[in-house]
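Enquirer: Sequence:
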Amino acid sequence: MLSACFKRSTRILRHRFNATFSQKLRSCARFPYQEENVGKWFTKEIPIPHDPFHVRTINILNLTEKCPDADTFSKALKGGDVFRVLFHGTDQKSAQDIIENGVRLDKLHSETGPEDFSFGRGFYLTENLEREVRGALFWAFDSPSCNAKQAVLVFKIPNDVIDKYRANAKILSYHNQEELRSFVEKFRAGETLQRELEKILENVSYVEGPEVKMLGKRIVDVLEGTHQICILSEELAKWFDRHLDSAVFVNKQ
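So for the sequence shown, my numbering puts the first residue at 86; every next one is plus one.
Think of the hints as simulated: they come from the structure by calculation, not from any bench.
No residue lacks a Cβ here, since even glycine has one placed at the ideal position from N, Cα and C.
Some hints could be false.
Claimed, not checked - Computed Cβ-Cβ distance ranges for the label pairs, DEER-style:
(1) E264 with P137: 20 to 28 Å
(2) Y118 with K192: 44 to 52 Å
(3) K160 with N288: 14 to 22 Å
(4) P132 with Q262: 42 to 50 Å
(5) E309 with N144: 26 to 34 Å
(6) E309 with V167: 22 to 30 Å
(7) K323 with E121: 18 to 26 Å
(8) K284 with D154: 36 to 44 Å
(9) E150 with N288: 39 to 47 Å
Take these sequences, add in the hints, and give me the full structure.
Expert: Below, the structure written as structure tokens:
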């Protein structure tokens, strides 16, 4: 009996050690996938999160340059006009977590402070890529939470999926700045009670609009040419899991 318990404890400890050691090895790797494959696109089949019986083929590119340009993503942008292409700039660890475990609406970076379109939850993307208009490359390379290992994820969402959820979306326009300012200030100021903010977003599938420039708790400018979309629906987030098309990983070390 004692021998059986000892063997079982040994197996558990060995499993925990192997899992911890494997995790440390992955954290030391230059890239999450095929770290020896640099500068050339390759594909990898990865199970769809929460749907292990189905896989999707993801295009992956590993780079060691300082910052890729828009031309780097030309392969990922192919596909005609039947998709809406959206980008998510982040770090490699977060990107790998999204790829393998799915979009999480409760994992906003606390370092970025208050959000424009949400209160403590949501998944932010942009249709812009360029750093100059605070696109995905800006959020990967210039945001407060960036590090030496960056990543940009590319989602290709079928137009009919976006259309399905648009009825419950909140679309804020650059040309209606009064509505935009009123909406954003509620979330940025942090003075509105949490339950009131949650009520505002109740049954909202996503919020979309431009970024704003704040001075304290006051909006001083709406940034023309910028774009952000915040996914708030768990159901819609699963569609993003299914339609993650490409990932570009950059390691400057």
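Enquirer: Which constraints among the numbered hints does this structure fail? Numbers only, ascending.
Expert: Of the numbered hints, 1, 2, 3, 7 do not hold.
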